[in-house]
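Student: One-letter residues, chain by chain:
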Amino acid sequence: MEATVTTANNNEKTWGGGEDIQPLGASYGKMMMWFFIVSDALTFSGFLAAYGFSRFKFIETWPLADEVFTHFPFMHGVSAPMYYVALMTFILIFSSVTMVLAVDAGHQLKKTKVAIYMFLTIVGGFIFVGSQAWEWKNFIKGEYGAVETAGGSLLQFVDKEGKRVALNEFAVKLPEQREALTRSHSTWFMEDAETQPTYTVAEVQAGFKAHPELLIRTENLTKEKKKTVLSREDSETRLATAKYVVEGANLTRNEYGSKLFADFFFFITGFHGFHVFSGVIINIIIFFNVLLGTYEKRRSYEMVEKVGLYWHFVDLVWVFVFTVFYLV
Amino acid sequence: MAHGHEYVSNTKRIWFVFALLSVVTTVEVILGIYKPASLEFNHFVGLNLLNWIFYILTIFKAYYIVWAFMHMEGEKSSLRWSVVSPVIFLVLYLLFILLTEGHYIYGVFKDSTIKWNF
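Residue numbers (the numbering used here), protein chains in the order written: chain A, 28 to 355; chain B, 19 to 136.
Please keep in mind that the hints were generated in silico from the structure rather than gathered at the bench. Nothing here was measured: the structure is a model prediction, and the numbers come from that model. Take these hints with a grain of salt, some might be off.
Stated by the list, open to error - Cβ pair distances, simulated, as ranges:
| # | chain 1 | residue 1 | chain 2 | residue 2 | range |
| --- | --- | --- | --- | --- | --- |
| 1 | B | 111 | A | 265 | 19 to 27 Å |
| 2 | A | 143 | B | 114 | 29 to 37 Å |
| 3 | B | 34 | A | 179 | 47 to 55 Å |
| 4 | B | 85 | A | 179 | 20 to 28 Å |
Claimed, not checked - Pulled a few chain A residues facing chain B out of the computed Cβ check, cut under 8 Å:
| # | residue |
| --- | --- |
| 5 | 73 |
| 6 | 79 |
| 7 | 115 |
| 8 | 295 |
| 9 | 297 |
| 10 | 342 |
| 11 | 350 |
Every residue gets a Cβ at the ideal spot worked out from N, C-alpha and C, and that includes glycine.
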């Protein structure tokens, strides 16, 4: 029996993650966290590069971020581009700061300080995830509505000054419209009251005819990086080809423009939000370990450092998502 | 590190980096809201100056997050290189391939009679 055990116990040449040999001068856990981050960084880079690919493909028709993300809490009807995401960015950077302060306190073996800073980091993480949910809610709900043509182009409505006009400001209610299917009139799985747009194409067209001051704005960008507004005659011709009424956003179509824009928005910010959420969960676990004194007994708070690396990485990704989605 | 050398607290540096990142973000937001025409409509190597500024500031922020917050500056240079160099190399490669191809497809749609519908 002894003979079989010797190879397993012989740790002169094989490395089992012990502290006696440390390749790259870091402990096993820390080194592996770094390499996990490398692979995760490449995943996010792949997504963002794919976003760039699609954007380059439709460079002349891509939606303008300034017109899409304009909401700020308690400020209805005020166009406030950028401010809300800027706030989210600050929240995340600040939670990164509290995390690094927790790591710093851990090096000095100050249990209470570590716990306090970890707690603040968790709070920051929750505020960020909540903010993102609110952002998604506004994105999904939409503000103005639009129509899609048979060719897949998106048409939005503006007045003479170029100000956006919402569908409910001009569309008429026609009597012969189809009633949305509700559960009380069908079997339990048949329902389309939620997915049915408020107006039909015919109602939008009739409303447009009744309001001669309205014009149509296409997706095409002019040289001044503004959307092209058509003349009244051109508007009427384009609107005749309308096929769908689009309100808000889903994975199939959205009122902002290119279908891929919403798809990438949901996918990339969703994947990032999932990272934040899992980071919060891991932080909570480590927070309780700190309270229980697990690391105090070990005389080492390296575990806090390792989750800290992950948390900073989430912040790092957001810096790039912020630039790519909202600034550029 | 629990074993061996004495750890020096660097709270001061943390707050300095926080202030730096906040200032950079504020500058980005201000530029993003006002979009000065002189920057937006002047191009340098296929990219307008405003976007150049945004990308440079982003990488500047990323550097400080990795070096100060993730404490990369305290690691051995072998770890630094084995983490940073694959990411930089692969990302540049990926961007080059995908953006070139995206631009090519844009040209195909522009110069042909095909109407995009996907």
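Student: Now, for every hint given, state plainly whether the structure supports it.
Tutor: Hint check:
1. 111/B / 265/A: 19 to 27 Å: Roughly 42 Å apart at Cβ, these two residues miss the hinted range, so it is violated.
2. 143/A / 114/B: 29 to 37 Å: 46 Å, violated
3. 34/B / 179/A: 47 to 55 Å: 51 Å, holds
4. 85/B / 179/A: 20 to 28 Å: 46 Å, violated
5. 73: 7 Å, holds
6. 79: 5 Å, holds
7. 115: Residue 115/A check fails; min Cβ-Cβ to chain B is 11 Å, beyond 8 Å.
8. 295: 14 Å, violated
9. 297: Where the cut-off is 8 Å and the nearest Cβ of chain B is about 21 Å from residue 297/A, the hint is violated.
10. 342: 6 Å, holds
11. 350: Status holds, d = 4 Å.
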